[in-house]
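Chain B: place on chain A using the hints.
Those sequence lines, one after another, are chains A and B.
Take 1 as the starting number for the first sequence in the numbering used here and just add one per residue.
Take 1001 as the starting number for the second sequence in the numbering used here and just add one per residue.
If you are wondering where the hints come from, they were derived from the structure by calculation, not from laboratory data.
The structure displayed is predicted, hence computed values, not measured ones.
Glycine included, C-beta positions come from ideal geometry on N, C-alpha and C.
In silico BS3-like pairs for lysine-lysine, Cα to Cα no more than 30 angstroms straight-line:
1. LYS1115(B) to LYS251(A)
2. LYS1170(B) to LYS1217(B)
3. LYS251(A) to LYS1049(B)
4. LYS251(A) to LYS1056(B)
5. LYS1209(B) to LYS1170(B)
6. LYS1053(B) to LYS251(A)
Quick list of simulated restraints, FRET-style, between CB atoms:
7. LEU140(A) to SER1175(B): 48 to 58 angstroms
8. ALA177(A) to LEU1338(B): 44 to 54 angstroms
9. LEU1282(B) to ARG166(A): 50 to 60 angstroms
10. LEU240(A) to GLY1078(B): 31 to 41 angstroms
11. LEU31(A) to PRO1054(B): 50 to 60 angstroms
12. ALA236(A) to ALA1108(B): 27 to 37 angstroms
13. LEU140(A) to SER1062(B): 51 to 61 angstroms
14. ASP1151(B) to ALA144(A): 30 to 40 angstroms
15. PHE244(A) to PRO1054(B): 24 to 34 angstroms
16. VAL1055(B) to ASP86(A): 20 to 30 angstroms
17. VAL1055(B) to GLY101(A): 23 to 33 angstroms
18. SER223(A) to ALA1093(B): 42 to 52 angstroms
19. HIS1051(B) to TRP243(A): 24 to 34 angstroms
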Amino acid sequence: MREVLAVVFREYLIRRTSPTWLFFDLAVPLLYLLMFGVAFDKALGHGLRIGDAVVPYNAFFLSGVLSMSSFGSAMNQSYGFFVDRDNGIFYEFLTYPMTRGQFLFGKILFQCLMAVVQCFLTIAAGTLILHIEIRWELLLFVSAGMTVGTAGWFFFLAIVAFRIRRNDTFNTVINVAYFVLMFLSSMFYPLDQVPSWLRAIAWVNPLTWQTDALRFLTIGLGSFSSFVLQVLGFGAFLALSFWFAVRTLQKAV
Amino acid sequence: MQNVASLEMENGKEILRLMRTDHPKQALDFSLMSGAAIEVHDLVKTYQKRHHKPVKAVRGLSFTVRRGEIFGLLGPNGAGKTTTIKILTTLLAPTSGSARVFGQDVVADPLGVRKNICVVIQENAIELYLSVCNNLRTFGRFHGLTGRQIDGQIDRVSDLFGLREYLNEKGMDLSGGLKRRVQVAKTFMVEKPIVFLDEATTGMDAFNKRRTIDAIKEESRKGRTIVLTTHVLDEAEELCDSVAIMNHGRIIARGSVEDVKSMSLRLLYLTLSLAAVSDDLLRAIHIRNPIAVDIKDTTIEVTVREATEALDVLAAVRQTGLLRHFEITSASLEDVFLQLVDTKESAS
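One chain only, chain A, in its complex shape (with noise of 0.2 angstroms):
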């Protein structure tokens, strides 16, 4: 535990010198709501059907910020590997006595505080400022879903890092992975009404699954059932990406 918690160590000091990121990371998401979910709240006027169900775009838009949080900030901390193998510090972390494994977990747990406290105010002003009615029972397993989601996503990001070796490569890619993953989810508009060759792929997405889980959790909407499908999908995308990571990590040198 010593060894993640000095990596823990290393990421806030790194972090509190950085205003700039400090404020994409907990900032932008809000802003997100804020702007792009009220305009089209109001575009729609009297909100989205989704079965029987009349569910306000604000509250529908909440889980997709929540989920967007955990991808920008798990792209932000696999981008960290380029600036540490810029400042050649990447390659003294893997002589330092801890395992890939351990690195790579203190990486995480520090953004996943970050997303923890970003799923705390995105909430606190949905519910504040757009009303929307939140299940605060479920606040705790909200923040957990941010955090494995958060972990998810940046293992997974780690690995195309870890492969890439070109800042500018690794833009465009993460650019592009972004903008599909997103647009081919669940993130900005129910899945029932979109082509069917979307949502197939849609179905499939891992942003999909963090996405519905958290609006289960956080306004009700979806089934049980298929709650629990969705979390141990995402589960095993954590698992996996987890293990190809520290796989990768071994022969990034």
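Structure of chain B alone, referenced to chain A:
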């Protein structure tokens, strides 16, 4: 200089080794422990890239480093030094062969190896956004020091490496040489028995280099095993108890600095300061078949194989009446290194 005797095991036999050193180990915690610090046996590393021919960086390397010694791995660029260090520090896996660091196998127990080592890698490795103090602090944390121990060690190494005035400077604001000094200083914050220094003084000015070399010497007196690679052979000559010269992934010479020097021809350099350089004088020198004659204005450098040849040349030059001053020096490690690498190149 002192002779230090040590009893060691090599290939199952006890052997007595004599080591000449000018810095006997004071703190004996590490050096008195029996066994080798590093054992490398038939190590091979081949880089395999898609659509490229495989590159053999290390070809069947075998050597042992005794506990408590300063061991220099020397060689030209691309000789395989850094690849060897990367394998020993668990950054790279070998293609075949074995390596044990402080008794731990680098493949079977990489974490066990990492618990016993500190490494200055070839690349500049510093947290650019953190102050020097926080660079040292994070390093201490990673190596399990408590807050109080870290403060004590920061005090100690900042004095030892002359970093006190830079403690609040950010990594990004330091010069290249200073970044390197912070990197080296970090490794001496923790009491690990083996320290790897890959081109540790690269980029440092003469003043910083001297300070760093003195600090490395100071630390080695505690009985740590130090493995260093360097291009600066004067530095190796000054620091190392023993050296191995690598070329094309193989060791071409191994032993104490004196041993390695004696493996080569016993070259002598005769520097002659003259009133003038005349044809008669040059004829008198050339007739004695020296290895090389280098003329710079009124100074001539003559390279010969034996002391008798040097005296012979000297006597001939003296007879011309032009000699003002002379100096005879023996070959440096650098001369021997160049000669060995050249010899092996032409042999291959």
